[in-house]
Every structure is written in C-alpha cells, then in structure tokens.
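Starting from the known structure of chain A, fit chain B onto it as the hints suggest.
Heads up: the protein sequence lines correspond to chains A and B, in order.
Here this note's numbering is used: the first residue of the first sequence is 1, the next is one more, and so on.
Here this note's numbering is used: the first residue of the second sequence is 339, the next is one more, and so on.
Hints are computed from structural coordinates only; laboratory data are not their basis.
Take these hints with a grain of salt, some might be off.
As the list claims (entries may be wrong) - Calculated lysine-lysine pairs in the DSSO-like style (CA-CA distance at most 27 Å, straight line):
no.: 1; chain 1: B; residue 1: K393; chain 2: B; residue 2: K451
no.: 2; chain 1: B; residue 1: K553; chain 2: B; residue 2: K733
no.: 3; chain 1: A; residue 1: K232; chain 2: B; residue 2: K360
no.: 4; chain 1: B; residue 1: K848; chain 2: B; residue 2: K812
no.: 5; chain 1: B; residue 1: K752; chain 2: B; residue 2: K812
no.: 6; chain 1: B; residue 1: K631; chain 2: B; residue 2: K575
no.: 7; chain 1: A; residue 1: K231; chain 2: A; residue 2: K161
no.: 8; chain 1: B; residue 1: K752; chain 2: A; residue 2: K161
no.: 9; chain 1: B; residue 1: K360; chain 2: A; residue 2: K231
no.: 10; chain 1: B; residue 1: K780; chain 2: B; residue 2: K733
no.: 11; chain 1: B; residue 1: K631; chain 2: B; residue 2: K393
no.: 12; chain 1: B; residue 1: K731; chain 2: B; residue 2: K553
no.: 13; chain 1: B; residue 1: K752; chain 2: A; residue 2: K231
no.: 14; chain 1: A; residue 1: K232; chain 2: B; residue 2: K752
no.: 15; chain 1: A; residue 1: K161; chain 2: B; residue 2: K360
no.: 16; chain 1: A; residue 1: K85; chain 2: A; residue 2: K64
no.: 17; chain 1: B; residue 1: K831; chain 2: B; residue 2: K848
no.: 18; chain 1: B; residue 1: K360; chain 2: B; residue 2: K726
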Amino acid sequence: MASSSRPETWLYPDARGLYCAPGGFYVDPHRAVDRAVVTHGHGDHARPGNRAVLATPETIEIMKVRYGGEAGRELQALGYGEDIKIGDATVRFAPAGHILGSAQVVIEYDGRRVVASGDYKRRRDPTCRGFEPVTCDVFITEATFGLPVFRHEPDESEIAKLLVSVTAFPERAHLVGVYGLGKCQRLICLLREAGYDRPIYLHGALQNLCDLYQSLGIGLGALEPATGTNKKQMEGEIVMAPPGALRERWSRRLPDPVSVFASGWMRVRQRARQRGIELPLVISDHADWDELTRTIDDTQAPEIWVTHGREDALVHHIGLQGRIGRALALIGREDEDD
Amino acid sequence: MRAFAALLDRLAFTPSRNGKLKLIEDYLREAPDPDRGWALAALTDGLDLRLQARKLIGELMAPRIDPELFRMSRDYVGDTAETVALLWPEGAGDAPAPTLSEIVAALDGADTKEVGHLLEAWFDLLDATGRWALLKLLTGGLRVGVSGRLAKTAASRVGGVDPGEIEELWFGLAPPYRELFAWLDGKAPKPDIGDRAVFRPLMLAHPLEDGDLGKLDPLEFSAEWKWDGIRVQLVAKGEEVRLFSRTGDDIAGAFPDIVSETWGQVVLDGELLVMRGGAIAPFNDLQQRLNRKTVSKKMLKDYPAHIRFYDMLIDDGDDLREQPLAERRRRLVQWFDAQAPNRADLSEPVPFEAFDALEAVWAGTRENGIEGLMLKRDASPYLAGRPKGHWFKWKRAPLTLDTVLMYAQRGSGKRSSYYSDYTFGAWREGEDGGAELVPVGKAYFGFTDEELRELDRWVRNNTVERYGPVRAVKPALVLEVAFDSVHRSTRHKSGVAMRFPRIHRIRWDKPPEEADRLEELISLIDG
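Chain A extracted, bound-state conformation (with noise of 0.2 Å):
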C-alpha cells in the first residue's frame, strides 16, 4: 500500500460533480446524490434533492429558506474548523470569505491534504467571514477572474459613485442589479457603512433571503418592498432587483431608472455595454486577479487544479511561477450574473 497516493486518484470529477472515492461523497454535486458536501449556497453550488447534506449551519440555512423540503433528507451542519471523518476521509471547512456561511472544504486522506475553495475572495465584507488560507498539497482554485485585467476597484469607491449619481439624479430611481444571495445583502450593507441609511427598495424576489440575514444577526437597515409603492415616490431612492428585471417589463413602474449592475464583470467596457448598463460597479463576491494569485501562493500547494472561469491564463501563470497547474473541467457552472 502506497503511502501517499496521488490525490488524483481518489478525488476526481465524473458526471455528477467532483468525487471524494475514500469519503463516498461529491464536493457541490450538479446533480442529485447520496451525499453532499456543499460549499455554500448559490444555486449552481448547492442544488436540491441530495440525501445527505453537510455545510455550514448558515448554508443548511440558506437551502432551507430556498428548497424548503427539497433542501435534502438528512441535513447536517458542521461549524469552521470542525473535524469530521466520512467514510475514510477527513473533512473540514474553512471560511471562504465568498457569502455568508461559505466555506472552503478541507479533506485528508492517506496523509494528503486537498482544499476544494469553492467560490471565494479575499477582501472584507461585512456579511461574512473573512478567507483563512490553508497549507495544502493540492489547492483547487475557482477562476471566475481569471485574466490580470480583473482587478476590483476598492468597494468604497464603487459606493460613493452610485452615491454621486442618486444626488445628481434626484428625479430618477437607481434600479441595481444584483445576485439575490450574498451581493444584494452585501451591497446594502456596504452602503450603510458609507451612511446611507433611507429606506432601500427590493424586488420581491429577494425579499426572503434578506429576512434570513436580518434574522441570522447581519443588519440591514429599513427595507421596503418596490411593488405598490407610487412611481413619483420612487424618485431619488435605490431600488434593488436580479439583473434580469432591469431590462424586464418589472423595471417600468420607476421612474426614468439609471440602470446599475454590481459585477466584477462590469471591470470590462463592453461587458457593461452589451447589458445596456448605464452605471456599471466593479464589486464582486469573486477573487480578482491579484487575490487569486496571492491565495495560489498563501497555500503553499505544488499543484493547483483551476476550476470554472478562465482557466488557461491562472494555469499559464501557475506554470511560470514553476508550479504544477491544471484545469478541471467540472460541468453545471453559472458565473454570467456575478
């Protein structure tokens, strides 16, 4: 019996999503299974009708509030820096710094230690914990910024120009597209920090998921509901909603709204400019590009798999640093709205 045997060989992707073979479990399945370790609670991470599910207990919270009975049968929630042994693997997760309750998962086996990031970044946010690197052999990366030209501008400046454009807009509603999960909270807290403390205006959709924050302890000050409120009343306010009702018939009932996108995305003119953005914000819940290089150096891993995103450029970096890089092709990742 070897006594380390490449990690290769017993964690790997196949058509459900990446496999633990010593833990019997996937890492963020795409597809319903026995057992689930789930990272955090975007829907292209977390997907309903799992049997076993292990996340953190803000996670298992968040699949609750948006799979009610098809969260999974058996939900189990694990705190950060918790050992747990499944099958003949050791898990742990770490914060990812990503959303509330995101976590990077630790797994060790045959005295291997692998860490699956999940989604992450490394910047503060008031919403969540903040990234904690671990030392590892292998460090499975995401890459949703890929490219050295994603950089995101410091979250305050991004603030202050929306901020800006609602007093020289008085007359106009400032509809802001944002992820229902993680970035909509974020986005208002961050915009209490910078003192704005009127009423914000949701789109019911996202009503829900603000409730369990508020509930869970995160503060967001006073929310109201964009529907049912009077179009010359909307005038000079901030109003939040999913990327796609901006251009939807939902975004008629305010008036002459400026368009506002929050997304590393919005880093790129023409990104910007396809969506129809007319105030485009570089705040993301994603690593940008300085982030992901620095976290690839902070594990101190020889070998780095590279998940979604732009893979070719962080795995063409990774090798000039003299590293093993590699893509992993896992399939079922959404990254066009963050």
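Leaving out everything else, chain B in the frame of chain A:
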C-alpha cells in the same frame, strides 16, 4: 484628470441626451479653470493631442506583463488601450494624479521619447479609469456620444445663456476658454470677438409635416429647390477666406479652389456642390472631395467645387441677420452682380401662387441634384438653430413597402425594457420553391409610445426563439415601412439596403402572405 476621467466614463454609458447634458453641466460648474476649458475643448474635438500612441503603449506595457497573459487579456477585452489601462500595475506612483491642464501643458512640444516618459509617470499615478481616459484623449476621438453642439449647450446652461450665443462666440475663442467661463460665471462681460472671420451658427429648417401646408399662407412664403449637396458658410475678409460645414468645422483645406477665389467682405450661406459644364454632379462626386486634409490636382480637375448661395448674413461689416429674408436676398443679389464671383451662382426662387401648383412644378422637374423644396417665410430673420415657423424643408414623399416582422431587439436607455428595434423582411422564392422571408432592413422609430407598447407585447407573445437580446418572432405581423431610397448592397443578404427606413404603419389587419416581395423593392432602386 480624475474628475474628467469620471465624466468621460459616465458619458460613455449614458444613453440619454438629458442625462449627458446634466453630467457635463455639473462637471463644468465644479471643475476649476483651466481644466474645464481643456475638457470643453476635448469634448468639442478641439484638443488636438493626437499622438502615435498605439506603438508606444505597447512598448511601455511589454516589461510589465508576460506576453501570453497580455495576449489573452487583449483577446478578451477587445481593445488595446483599454487592456493596457486595466493591466497597468496599480499604485506604483506616489504623488497626486496629474491635472488635465498639467497633461496638456506637458505634451505641448514633447517628442515621442519624452511622451513615453510622461505617459509612464502618469499611468503610475492614475487609476484604470484615468488611464483609459488619458489614452482616449491621446489617441484621438473620445467617442463618448457627445457632439460639439451638446457640449456647448451644456456650457450655456452653466451661465443660463442661449446656446446660440456660445455658437456665435465659439470660433473667436480658443481653449481653455477662460473669458467664456468668466462670462458664464457672471464675473466678466460677454467676450468681444470683434469681426474676426468666424463661423456664425446656421439657421435650420423643420421638416414639413402632414397638415402643415394648410396652415401656411402661400403669399408669405418663397420657394427654392433643396439642393443635394452639403450646407456651407463662406466667410470672406478680403484675402482671408474660410469655409465652414454646418457644424462649424473649417473645411477650407479640402477646397482650395473655393478659398482662392475673390469674394470680398461677406458671410454667405449656401450649398456646396460639384458642378461640371453647368450641371450638378451626383452627391457621390462631392463625397470624393469631403473629409480630406489635402486635395490633389486631379481631384480639383475631376470634381470641381461650386457654391450655390441662398442667403447673406453679413455684407461688408453690415450684419443683416435681423433683416427679413426678402431684404437679405436683395443684398445677396446686389453683391453677386457687383462681385461676379467664379465658382458660384445663386439658388433661384421657384415662383408659385398656390402650394398645389408648386407641387405640380416639382413633380414635372427633371433637374439633377434636387432633394426637395425649401419654403422660407419672406419676413424671417436669420436665427441661429431651428426656430419654429420660418423655414420648412419639403422632401419627396417617401417610398413604402409592406414587410413582415422577423426579429426584434431590446433598445437601450429608456427603451431598455422594450423590444424596440425591428428587423423586417420581404418574400422571395426559396431554394425549395416555396416562399421565404429575407431581411431587408431594420428600423427603430416611426411609432408612438402606445404603439411601442403594443409591438413589445406582440413580440413577447409571438417569440419563437431567443438569441441574447434578440428574439425571432412568428412571421405574422406586417409592418409598412417608409424609406427615402434603396440601393444595392453587398453587405446584406437581400442584396439591397434602404436609406432611413422607419415604421410607417403597423398593419395589424394585413395577412403576412400579402406583404411585398423582394423584387418590388429591387424595382425601386434608382438608375
């Protein structure tokens, strides 16, 4: 530079005219002199910093990034200048970002090598938006959807003055426009530009709408042909002769044949044409002469320029603009007879007593180069801009075609939630012998807001396929499309392209199989 960069950034994404005006006005109120003056110059395309920067920025970037990563980034972003702006290492400099005035001053007279050092230092001090804006300034053409006229209108709002007043002063002033802003801020009197050979803003006509004729008294109007050339203003002060386009661009350089003639001391309004043997050449011939810095002898010989005058603004220092058209016309004729200039004639009035008789004359005329008729009130003063009720342009009735709606695309700005851009097709025989639709054009105006709502609803309910912002719809709705002309085009699948297509009527009543065929459109091609 930071504030100006933020302005350009915001303008580039703002679709509405009012939004742009507001942004520029706010900037001009807050920015200090001389920064705001240089900014206004840049927005009116009057800041000529154009450098051969493309090669230079590549050389500056090279030592800062791996070539493969640069290539991948460039491929993704699609624009070299933007890629460099985004990739440049952040925070390498340790000093305040340069101001726009510092940049303009430093570039004045700098050679390529010096420019390289300057750029390097500035890039280190600016953020990504600042670097992007600087590169836009340097490589020429801001392309943020702002016309010179819009920028000047925004400036006029700062002082609460009429935009026409700024247009009038404009060509007598130079960047950074300190005198102009002092006046707009109410701190100094209106700048006196004396009687320099400057552009005077033009008087423009309104299109004649259905029902307008019934409200006009034919006795109060004169008619003349609307010539198919380009509108120009000739400003002559003896030896100094300048020729301006309708937007005030000095195009004298492209027309040495005109400016070398003797004109006296006048400001005249007329149509620039190419004339051969007393006949107007097609518009295409005139186009050979436009947008050139210099012009060859052969060009001058093959495409001789000519001006057909119709109005006189200033005669030997005497400003006639307050005078009625009839009087200006008399002075124009008087000047023409006395001066007898070469390469010029007068646009003669078309006599008429009633509008229907005038229309009959028009229908019977075969002369080349006529685009329509102008109706001008004899009593009209010469007013800058497009004043109501004085001048009308009466173009030929448009051509129309019944087409079938094929695709709809979401609009931008206020229309971003509406399917407001329509691609329509005509029938032709398909390869299998059956009838098939082939796209013949695209239109996004010509309908009311109410009709837009109905069209939008129809598109959503009849979608058969989606491609991003575009929806393919069931071939079931007939759109009567109006257009000015149609010509052959190799760029379109149908082989034809319409000029100024717009939705004329929505034929909710008409079955799609009764829409027109491609052959009918082809039969409307001129010549």
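Results for each hint:
1. B:K393 / B:K451: OK: K393 (chain B) and K451 (chain B) at ~12 Å, within 27 Å.
2. B:K553 / B:K733: holds, 18 Å
3. A:K232 / B:K360: holds, 20 Å
4. B:K848 / B:K812: holds, 15 Å
5. B:K752 / B:K812: Satisfied, since the Cα-Cα distance of roughly 26 Å is no more than 27 Å.
6. B:K631 / B:K575: Holds, at roughly 22 Å.
7. A:K231 / A:K161: holds, 24 Å
8. B:K752 / A:K161: holds, 21 Å
9. B:K360 / A:K231: holds, 22 Å
10. B:K780 / B:K733: It holds: about 22 Å lies between the C-alpha atoms, which stays within 27 Å.
11. B:K631 / B:K393: The hint holds at about 24 Å.
12. B:K731 / B:K553: Given pair K731 (chain B), K553 (chain B) holds - Cα atoms ~15 Å apart, limit 27 Å.
13. B:K752 / A:K231: Roughly 15 Å separates the two Cα atoms, so the pair holds.
14. A:K232 / B:K752: Holds, because 17 Å separates the two Cα atoms, which is no more than 27 Å.
15. A:K161 / B:K360: holds, 16 Å
16. A:K85 / A:K64: holds, 24 Å
17. B:K831 / B:K848: With Cα atoms ~25 Å apart, K831 (chain B) and K848 (chain B) stay inside 27 Å; holds.
18. B:K360 / B:K726: holds, 25 Å
Comparing the model with each numbered hint stated earlier shows that all of them hold.
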